[in-house]
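Since chain A is already given, all that's left is putting chain B on it; use the hints.
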Amino acid sequence: MNIGREYTGSEKTGKVISFAVGDQEYCVDILSVREIRGWTEATPLPGTPRWVRGVINLRGIILPVIDMRVMLRIGSERPISREVVMVVEIGEKISGLLVDKVSDIIDVEPTMVQEVPSSISGDTSEIISGLIALDGRMIGILNLDIVAEQIMETAV
Amino acid sequence: MDDLDSIKPIFFEECGEQLTELERALACLENGEAGHDTVNAAFRAVHSIKGGAGSFGMTELVRFAHVFETALDLLRSGKIEASPAVLRVFLFATDILSDLTGAEQGGPSVDKQRSLECSKALESLSEISATVKAESEELITQVTTEEDIPDGFTPVPFVFDEDVSDKLAALVSDEGFEIFSETPDSAGSAAGHSLQADSPLDSVTVEAGYEKAAEKNSSVSSTSVKSSVALPASIRVDVDRIDRVMDLVGELVIGQSALREAFDNSNAKHQDEAGSSALTDAMNEIEQLSRDIQDAVMAVRAQPLKTVFQRMQRVVRETSLIAHKNVHLIIEGEDTEVDRTLIERLTDPLTHMLRNAIDHGIESEEKRIAAGKSPGGTITLSAAHRSGRIVIIIKDDGGGIDRRRVRAIAEKKGIISSDAVLTDSDIDNLIFSPGFSTSETITDLSGRGVGMDVVKQAIQDLGGRVSIQSETGKGSGFILSLPLTLAVMDGMLVTVSGQILILPVSCILETMILDRKSIFHAVDNVPLMCVRGNFIPLIEIGSALGFSSDHICGSEKVVLIVEDDNGKMTALVADSIDGQMQIVIKTIEKNYRPIYCVSAATILGSGQVALILDVPAVTATTEKSGNSSWLKDNNALSEKFAAE
Numbered sequence: 001m002n003i004g005r006e007y008t009g010s011e012k013t014g015k016v017i018s019f020a021v022g023d024q025e026y027c028v029d030i031l032s033v034r035e036i037r038g039w040t041e042a043t044p045l046p047g048t049p050r051w052v053r054g055v056i057n058l059r060g061i062i063l064p065v066i067d068m069r070v071m072l073r074i075g076s077e078r079p080i081s082r083e084v085v086m087v088v089e090i091g092e093k094i095s096g097l098l099v100d101k102v103s104d105i106i107d108v109e110p111t112m113v114q115e116v117p118s119s120i121s122g123d124t125s126e127i128i129s130g131l132i133a134l135d136g137r138m139i140g141i142l143n144l145d146i147v148a149e150q151i152m153e154t155a156v
Numbered sequence: 001m002d003d004l005d006s007i008k009p010i011f012f013e014e015c016g017e018q019l020t021e022l023e024r025a026l027a028c029l030e031n032g033e034a035g036h037d038t039v040n041a042a043f044r045a046v047h048s049i050k051g052g053a054g055s056f057g058m059t060e061l062v063r064f065a066h067v068f069e070t071a072l073d074l075l076r077s078g079k080i081e082a083s084p085a086v087l088r089v090f091l092f093a094t095d096i097l098s099d100l101t102g103a104e105q106g107g108p109s110v111d112k113q114r115s116l117e118c119s120k121a122l123e124s125l126s127e128i129s130a131t132v133k134a135e136s137e138e139l140i141t142q143v144t145t146e147e148d149i150p151d152g153f154t155p156v157p158f159v160f161d162e163d164v165s166d167k168l169a170a171l172v173s174d175e176g177f178e179i180f181s182e183t184p185d186s187a188g189s190a191a192g193h194s195l196q197a198d199s200p201l202d203s204v205t206v207e208a209g210y211e212k213a214a215e216k217n218s219s220v221s222s223t224s225v226k227s228s229v230a231l232p233a234s235i236r237v238d239v240d241r242i243d244r245v246m247d248l249v250g251e252l253v254i255g256q257s258a259l260r261e262a263f264d265n266s267n268a269k270h271q272d273e274a275g276s277s278a279l280t281d282a283m284n285e286i287e288q289l290s291r292d293i294q295d296a297v298m299a300v301r302a303q304p305l306k307t308v309f310q311r312m313q314r315v316v317r318e319t320s321l322i323a324h325k326n327v328h329l330i331i332e333g334e335d336t337e338v339d340r341t342l343i344e345r346l347t348d349p350l351t352h353m354l355r356n357a358i359d360h361g362i363e364s365e366e367k368r369i370a371a372g373k374s375p376g377g378t379i380t381l382s383a384a385h386r387s388g389r390i391v392i393i394i395k396d397d398g399g400g401i402d403r404r405r406v407r408a409i410a411e412k413k414g415i416i417s418s419d420a421v422l423t424d425s426d427i428d429n430l431i432f433s434p435g436f437s438t439s440e441t442i443t444d445l446s447g448r449g450v451g452m453d454v455v456k457q458a459i460q461d462l463g464g465r466v467s468i469q470s471e472t473g474k475g476s477g478f479i480l481s482l483p484l485t486l487a488v489m490d491g492m493l494v495t496v497s498g499q500i501l502i503l504p505v506s507c508i509l510e511t512m513i514l515d516r517k518s519i520f521h522a523v524d525n526v527p528l529m530c531v532r533g534n535f536i537p538l539i540e541i542g543s544a545l546g547f548s549s550d551h552i553c554g555s556e557k558v559v560l561i562v563e564d565d566n567g568k569m570t571a572l573v574a575d576s577i578d579g580q581m582q583i584v585i586k587t588i589e590k591n592y593r594p595i596y597c598v599s600a601a602t603i604l605g606s607g608q609v610a611l612i613l614d615v616p617a618v619t620a621t622t623e624k625s626g627n628s629s630w631l632k633d634n635n636a637l638s639e640k641f642a643a644e
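So the sequences go chain by chain: A and B.
Residues 1 to 156 in the UniProt record's numbering are what the first sequence spells out, letter by letter.
Residues 1 to 644 in the UniProt record's numbering are what the second sequence spells out, letter by letter.
The following block holds chain A by itself, in its conformation from the complex:
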């Protein structure tokens, strides 16, 4: 189970950025986030999975935007106005994650991270590498490597 990848390390305290997708909360390592920007219309690409909304222009760099609602299978009705794109680095590539809103920055201690229960299974189970319980909220740690793998799939 790859927990450490998403924040600075399981032995140390790390910072993560949490965001909301529908009524669920997820987070990614703050160091992998390049910037957060408002939603601009993406140019759709032929032959790509449903969760790839298309490509956008970030100051001359073209990057894919991944609709996290579709990828995480959380219904598709959305309040358009509140959408934001989190620009994240995954390996050498840059992608945009389309989420509903960015919530806050959280300091994560290794002890706060719980394993993902086995009731979450199937091909989406690895997309979260751990769970954080905080103030009565549940925050899933998003595994960006799996996200990167899933956008390489051919059209669904």
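Hint data in this document are derived by calculation from the structure and do not stem from the laboratory.
All C-beta atoms in this analysis are idealised placements derived from N, C-alpha and C, irrespective of residue type, glycine included.
Each hint should be verified, as a subset may be incorrect.
Stated by the list, open to error - Here are some chain B residues pointing at chain A (derived, C-beta under 8 Å):
#: 1; residue: Asp-247
#: 2; residue: Gly-250
#: 3; residue: Phe-547
#: 4; residue: Asn-591
#: 5; residue: Cys-597
#: 6; residue: Val-598
Here is chain B on its own, set in the frame of chain A:
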């Protein structure tokens, strides 16, 4: 060792330059237009390679370069003449030297027999062989002092980055090297090396003096290099940095068009307001400047075709040897500059076309004499700029295309039907058809399964076109017309299912309003369009990309007739044509992956991304081999070239 490894690429890069220089000097000698300088240049080139190879411990290379250098020294001192026989040996040696450097870079290893044979030939140029052998054994640790530089020999300065010079300093301190760092002033010099503030160049001169040789006092080798000549001021810059500037200029052009759009809009609203003329002037000024900057950056990226053209000397030499033909290559316009990305991708097609010209174009010696021509054939490889494009012509003085034979073969291979009515030019173009090879027996040269169709494809991938001019008995010429750069291109903007797509203007033959009366359906309801009596496949771009499932029923659609790699025409249907503009090509693969039927993207003035249609991929969707056929084809093509 790590430090040494990190400067190795610089050495190899310089080797490449030196080899080009050597090749050119020998070509000059061959044409009899050489003076003392030319011989010196050749000597220096070999010498520099030897010097560098020595410090990297490339024994094989050093040994060979030494023998070569010794032979060149005989020429330099006038002990031997630059006769054709001598030059042949030198050219042979150049090839071996190039192969040896290639092998050091991880290329195929060199045939020992051949290199030995060549060494022997070089050594036989004088009786020096005995002494040379003994000396070369010790070369790696051999040296000279400054006093040993013979008169008339010009030392070569090396220019390195400061951090490289630091590494060099660390490296050579044990080896008995000395480094002289020359900077405009003493500030900022590399870690405490002795300074000579006499040159405006921020350069580091490596005194490759090996200690032992000072004692041995070798007369043959003089490895000392010191800057004393005024060189054109130049710097070595990482290509990535230039590409970055190029990218930014692309941004500027896009920002520019956005500004222009906004400006025109607001101008339309407030026409009478004062000050708008000053704004217009400033706007135009900025526009002009951004165009100038674009040109300036392109000039930085531009390289002369020399590098690839000089390599062709060897191709011709080796090919004509195998074909038993005496062929002379004349190079013209080698200083013509093109974008560096193009240069890299021209080598394979040019190599292939030259091989083809020697194998099929130039007749055998007997035939040439019978036709009243000189026994040796001549191929001219020339380049020139012509109206914003670069035109490369490969012209031979052979027999021209044998149209009767070409036609017969095309019929036999089922490329054309026996009753087809073809013009001379149609027949000439048949040689670009896939699967066409006029060689009845598969020769060593052409006809190894890679035909002229691959050449055509490669040129088209670069946004270029190939045409043929052939005259029976007088020879044929292949004319390549290429864009100056791969960073920008002329694009046709079309709307498909509400989205703007871009088609390269170079592949569009004509555009017209869709006339439903000209559409027919064949078996399986496959739509065809009748264009001047010819039925061609009809593809709706939107449905090919999966954007919409609309059938061809909408009114007022437009048709773009495009030509694919094999000259096959296809009609593409779009909703509307929105104009034509120069676009900056952006990759999608860098942050994502190759996209089906899309070659790249660009950014419109609005900041929106627009996809550039991969026209050959779209036209290939009509072939019933599944959607991924275009990918396979592309791979097969690159494999073919890799195999070459």
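Hints and how they fare:
no.	hint	verdict
1	Asp-247	holds, 6 Å
2	Gly-250	holds, 7 Å
3	Phe-547	holds, 7 Å
4	Asn-591	holds, 4 Å
5	Cys-597	holds, 6 Å
6	Val-598	holds, 7 Å
Figure legend: structure checked against the earlier numbered hints; every hint is met.
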